[in-house]
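Participant: Residue numbers (our numbering), protein chains in the order written: chain A, 779 to 889; chain B, 2 to 116.
Hints listed in this document are in silico derivations from the structure and should not be mistaken for laboratory results.
Looking from chain A toward chain B, a few residues come up when the C-beta cut is under 8 Å (computed):
| # | residue |
| --- | --- |
| 1 | V782 |
| 2 | S787 |
| 3 | P812 |
| 4 | R821 |
| 5 | L824 |
| 6 | D827 |
| 7 | F867 |
| 8 | M877 |
Straight-line distance between alpha carbons at most 20 Å, and here's what the computed PhoX-like set of lysine-lysine pairs gives:
| # | chain 1 | residue 1 | chain 2 | residue 2 |
| --- | --- | --- | --- | --- |
| 9 | A | K849 | A | K835 |
| 10 | B | K37 | B | K23 |
| 11 | A | K820 | B | K23 |
| 12 | B | K41 | A | K820 |
Every residue gets a Cβ at the ideal spot worked out from N, C-alpha and C, and that includes glycine.
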Amino acid sequence: GENVEQHPSTLSVQEGDSAVIKCTYSDSASNYFPWYKQELGKRPQLIIDIRSNVGEKKDQRIAVTLNKTAKHFSLHITETQPEDSAVYFCAAYTLSNDMRFGAGTRLTVKP
Amino acid sequence: ETGVTQTPRHLVMGMTNKKSLKCEQHLGHNAMYWYKQSAKKPLELMFVYSLEERVENNSVPSRFSPECPNSSHLFLHLHTLQPEDSALYLCASSQGLARWTGELFFGEGSRLTVL
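With the hints as constraints, model all of the structure from the sequences given.
Facilitator: Printed below as a string of structure tokens:
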């Protein structure tokens, strides 16, 4: 089955700096890669996703890039703000399996 | 109520107790899921139901027993749990299986502590 690895497990940045979180996956048939944000004590919520026919997708300050050959994808947050502080989860899945998540990255944005 | 609601939000139980977690979705979705969230570990998919039929069961111990009486409700029955089962249990729903349609909508979770 699919195995998703996520790095780093914790990340601390200054407000205004960029943050990058990386994930790798094992199943070359994976075709959908969402990112979820979970604020403290709250539910995970989808913030951006990308499908395998696209190399990059951007939504305001967040972007996701996908390298299918290397089987990795990354979340980029620019101009970070304190409200970006949360745990971020990547996930990957194929048409035959439901979502497998990474272990999460705890992002702290220091004001 | 909108979205996905879970009850109870917190549960403490002994190893010999029997309890149940409840999930209700108000989104008109037809697929529902149970995930286990433990500290510093990936979200673990436990069960998937589509149109009230179980479609995936990821080698979960039999002390966890799911029930999906209709497309809006999902239960997780707990019996003879172990301390290592202490975790946040998240329910989610999607319109169609998420593997095909994308987004999962999560509840806020039930925090389970097994003494």
